[in-house]
Amino acid sequence: MVYSYEFVICRFIFMDQIIKDLETSLRALSDGLKQELSNIRTNRPSAKLIENVKVDYMEQQFTIKQLGSISILPPREINVSCWDKDAAGPIAKAIETSGLGVSASADGSLVRITLPQLTDDRRRDLEKLVKSLTEQVKIRVRNSRDDANKKIEVSFKTKLITEDQKFNGRKKIQNAVDKTNEEMESLLNAKIKEIAE
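For the sequence shown, the residue numbers in this note's numbering are -5 to 191.
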């Protein structure tokens, strides 16, 4: 069977699009996990811990990073220098009620946040939580892989791609999934190490 040049090019473009869509999906999942893990409190202070906490101020909702600058004071303190001193009280209240397990106090235009020392029980709970979050994302990665493989299988059955392209595509899909799983495992191990400190 003789194929036109345009038909062959179309096959490669179609296959590349499946792979690119999968890689975009996997990147979003990995970035989402990174964001989730950065929001989990450990003994190490981090601006990411509080920067997206919602604050009710002047009958609107703002994030802390919209209301002031965040600075870190090791070993376990975070300061927020409010641009408007009237925002300090609402910021302290939002942090106290956020469920982060930290205490906050307003002093003029400065909010001081102190992170208490983690107990062994809390460390174990946090470790379970980060493992659970990572496993949930890995399940979504597998689902994305399965969807991409189904698209390739349908393309093969409808003769849009050849058998060689099918196997090559599946190999590229698995390589992308393996790379993402390695990244997530690295994020998980780094967070567990951070919790243990």
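If you are wondering where the hints come from, they were derived from the structure by calculation, not from laboratory data.
Being a predicted model, the structure only gives us computed values, none of them experimental.
Hints are not guaranteed to be accurate.
List of simulated lysine-lysine pairs, DSSO-like, C-alpha gap at most 30 Å [unchecked claim]:
#1 Lys14 / Lys145
#2 Lys28 / Lys14
#3 Lys153 / Lys125
#4 Lys145 / Lys132
Results of checking the hints against the structure:
{"no.": "1", "hint": "Lys14 / Lys145", "result": "13 Å, holds"}
{"no.": "2", "hint": "Lys28 / Lys14", "result": "21 Å, holds"}
{"no.": "3", "hint": "Lys153 / Lys125", "result": "42 Å, violated"}
{"no.": "4", "hint": "Lys145 / Lys132", "result": "20 Å, holds"}
Of the numbered hints stated above, the single one contradicted by the structure is hint 3.
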